[in-house]
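**Q** Below are the chains, spelled out letter by letter.
There are 2 protein chains.
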Amino acid sequence: MNVIEVIRTKRDGGRLSNEQIGWVVDAYTRGVVADEQMSALAMAILLRGMDAAETAAWTRAMIDSGERLDLSALRRPTVDKHSTGGVGDKITLLLAPLVATCGAAVPQLSGRGLGHTGGTLDKLESIPGWRARLSTAEILAQLRDVGAVVCAPTEGLAPADRKLYALRDVTGTVESVPLIASSIMSKKIAEGASGLVLDVKVGSGAFMKTTEQARELAEALLAIGRAEGMRVTAVLSDMSVPLGTAVGNALEVAEAVDVLRGGGPADVVELTLVLAREMLAVAGIDGPDPATVLASGAAYETWCRMIRGQGGDPDAPLPAATRVHEVRADRDGVLAGFDAYAVGLAAWRLGAGRARKEDAVAAAAGVRCLAEPGEPVVVGRPLLELHTDDPDTVPAALDALRGAVLIGAVPIDDGAPVRGPLVLDVLR
Amino acid sequence: MNVIEVIRTKRDGGRLSNEQIGWVVDAYTRGVVADEQMSALAMAILLRGMDAAETAAWTRAMIDSGERLDLSALRRPTVDKHSTGGVGDKITLLLAPLVATCGAAVPQLSGRGLGHTGGTLDKLESIPGWRARLSTAEILAQLRDVGAVVCAPTEGLAPADRKLYALRDVTGTVESVPLIASSIMSKKIAEGASGLVLDVKVGSGAFMKTTEQARELAEALLAIGRAEGMRVTAVLSDMSVPLGTAVGNALEVAEAVDVLRGGGPADVVELTLVLAREMLAVAGIDGPDPATVLASGAAYETWCRMIRGQGGDPDAPLPAATRVHEVRADRDGVLAGFDAYAVGLAAWRLGAGRARKEDAVAAAAGVRCLAEPGEPVVVGRPLLELHTDDPDTVPAALDALRGAVLIGAVPIDDGAPVRGPLVLDVLR
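The listed protein sequences derive, respectively, from chains S and Z. Just so we're on the same page, my numbering is the position in the first sequence counted from 1, plus 34. Just so we're on the same page, my numbering is the position in the second sequence counted from 1, plus 34.
Think of the hints as simulated: they come from the structure by calculation, not from any bench. Some hints here could point you the wrong way.
Claimed, not checked - Partial list, derived from the structure: chain Z residues whose beta carbon lies under 8 Å from chain S:
1) Arg42
2) Arg45
3) Asp69
4) Met77
5) Thr188
6) Thr207
7) Met264
8) Ala329
9) Ser330
10) Ala332
11) Glu335
Ideal placement from N, C-alpha and C gives every residue a C-beta, glycine not left out.
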């Protein structure tokens with residue numbers, strides 16, 4: 035095999051054979067194919083595409099680059115969820131304990147945030163004592179004892195994906211549906227769950243800005259999962275406004291706990307229940323409805339055990355910001371909504387997210403929305419709270435909201451506000 | 035400036051600004067932009083293209099990455115020639131002394147061969163004692179004293195091009211007209227000559243297989259030269275059959291000397307005179323016709339001084355191969371020609387070329403054509419001589435001729451042979 039031949043094949047619009055794909059992914063993982071060769075190939079793939087069979091082979095090669103978790107010793111059906119990332123998306127924190135309480139085992143190997151969308155591990159790390167890194171034995175023990183685990187992927191899972199993702203991140207080759215789909219699915223398949231529900235986000239705060247793009251990605255994800263014999267469902271959900279009222283790390287944990295204790299914003303509850311029902315369907319569990327389980331407080335009990343299992347104290351106070359800055363309405367009218375991207379960007383600048391992988395995040399930083407889309411507001415009414423420990427970050431956050439979006443993001447018009455449905459489609 | 039923004043701009047089909055191009059080429063040369071980022075950009079440029087203004091800016095940035103030879107102290111007009119590479123193309127060896135004898139100064143900073151086309155420096159190095167590496171002072175002294183120099187580019191000329199060319203070579207990003215054109219022209223412009231004649235080869239033995247492709251490259255080269263205020267002309271010439279009868283290093287030097295002494299194959303003489311006249315026109319020299327100068331033996335005298343100036347002995351015997359294998363006609367008929375690519379490949383395999391930059395070439399290896407297109411032949415008539423010092427290379431060379439081409443390359447048909455014109459077009 036010759037890497038230049040492989041690159042040329044794709045560059046000139048040809049199909050890569052399974053042998054070429056298996057070889058090039060393995061050779062790249064072993065360092066035989068160099069970074070500059072793989073990035074040229076990634077650009078050719080981005081511009082020329084890969085068909086479903088090529089994408090399935092690429093995913094398989096990435097899975098084969100490492101180990102696969104063996105969950106067969108568990109007595110329960112295994113099911114996982116993956117979100118393509120949004121602003122205020124704390125649903126994983128709720129789903130893992132809820133679906134575990136309903137009878138499934140939920141191994142949620144999660145990531146950290148980069149850019150304007152938060153990472154599940156960053157959020158959970160705001161809980162005092164909680165740790166993200168578990169050994170394979172600890173993951174299996176917690177799945178057996180609690181039924182739910184949210185942690186970092188072990189080193190051995192899909193190392194090719196880890197290496198390739200870091201490369202794509204610095205070479206302008208992220209935005210390729212086949213490469214995005216194979217990256218997501220290689221990790222999820224290596225994780226060993228037999229079922230998976232995908233939450234594909236659509237809108238300004240999401241990676242996919244239009245329903246068409248989101249549907250294309252969802253179809254690619256489903257095709258890979260099916261080719262691997264996995265039970266998969268994809269939900270398309272709105273990400274044009276933030277999910278819930280809290281965006282940040284500790285702020286989102288607090289909102290998730292509110293929901294687990296029977297409160298919280300309606301949209302967070304709605305999406306949690308939709309996804310939980312899909313996960314149970316995929317797992318083949320026909321038990322009590324998740325709404326009943328949530329209302330009973332049993333999911334909150336599981337949450338506490340899940341957090342304690344990883345060294346965290348669910349009763350400890352969460353970090354609070356030393357500085358809170360209010361953004362107020364500048365005219366009367368009806369609030370049409372907050373733009374998800376602008377709010378995500380503001381939270382990022384306040385310290386909730388990271389610009390580079392090696393950066394730390396501020397646990398207490400973020401944005402709280404104080405008004406709901408559709409609400410009438412008057413001049414001076416507080417609309418947003420900016421939380422930070424570093425007052426120097428506030429101007430940049432205000433800039434993100436004002437310059438980029440606030441006028442459009444918080445449009446106080448006389449016309450009736452329109453917020454579309456939260457769940458746009460379900461692809462089974 | 036952010037390299038990912040630059041990559042994305044081109045990836046998504048946009049134009050790069052002069053500032054973006056200047057920055058990215060400089061940052062790559064300094065190691066601030068990494069190889070994997072530049073190769074992704076090169077692939078995006080290959081697939082999306084660059085317009086004339088972008089290509090001119092790219093070339094300018096590569097020139098600015100290093101120094102530029104200052105030939106202003108020379109009393110004569112300066113003019114150079116560049117060939118895009120062919121099989122048996124020894125024209126530089128003839129043109130430099132001929133055009134210098136006609137009154138121009140000819141600084142021919144040349145390259146080595148890679149693949150099936152030979153390199154001018156490799157050919158000259160078969161002359162005992164001759165050395166390719168000269169200092170800038172030596173180059174200027176020889177131009178002043180002899181009027182012609184053929185040598186390796188100094189380290190300081192267009193270092194960005196050297197680095198980028200090596201990268202493109204291993205990342206499947208060679209075949210981009212804007213990148214090829216800017217690579218050629220950045221070196222030629224940095225070399226300091228005020229005029230340039232381009233010999234753009236067309237056919238199986240050339241990089242450009244069709245006249246359309248060659249014309250596209252020629253136009254790109256001319257546009258860059260004109261943007262830099264250079265006087266430039268492009269000749270499109272046939273490379274479907276080898277040029278002359280000798281392909282190899284010492285074999286080609288011997289043929290060039292034959293021509294300088296009044297003999298040699300007609301096609302080599304014809305192309306030499308066409309290019310010499312274009313070089314003199316570009317240099318604004320209206321003296322005796324190059325044919326007269328060649329016949330006078332004065333160009334041969336200049337050749338001897340040029341070789342001696344670089345330590346070579348023009349009277350020393352050239353290396354001869356220890357083994358010569360004949361290929362004979364297997365039926366009666368008329369010889370239609372030898373396929374340039376097959377002959378080039380055979381010479382390469384005999385040791386005349388290199389597979390990797392660090393390989394050495396065999397001075398005596400190569401192919402001699404013993405019959406001319408259009409000649410009637412009978413079974414058993416010798417057609418080709420394979421020269422090598424390593425008998426183990428003969429089967430691979432025969433394979434290149436037989437398997438790939440000999441039946442088609444040496445088609446002995448009853449129909450009349452057709453050889454098209456040598457010079458296909460001249461773009462001024």
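**Q** Each hint needs a verdict: does it hold in this structure or not?
**A** Hint-by-hint comparison with the structure:
no.: 1; hint: Arg42; result: holds (5 Å)
no.: 2; hint: Arg45; result: holds (6 Å)
no.: 3; hint: Asp69; result: holds (4 Å)
no.: 4; hint: Met77; result: holds (4 Å)
no.: 5; hint: Thr188; result: violated (26 Å)
no.: 6; hint: Thr207; result: holds (6 Å)
no.: 7; hint: Met264; result: violated (32 Å)
no.: 8; hint: Ala329; result: violated (47 Å)
no.: 9; hint: Ser330; result: violated (49 Å)
no.: 10; hint: Ala332; result: violated (47 Å)
no.: 11; hint: Glu335; result: violated (46 Å)
Checked against the numbered hints given earlier, the structure breaks hints 5, 7, 8, 9, 10, 11 and satisfies all the rest.
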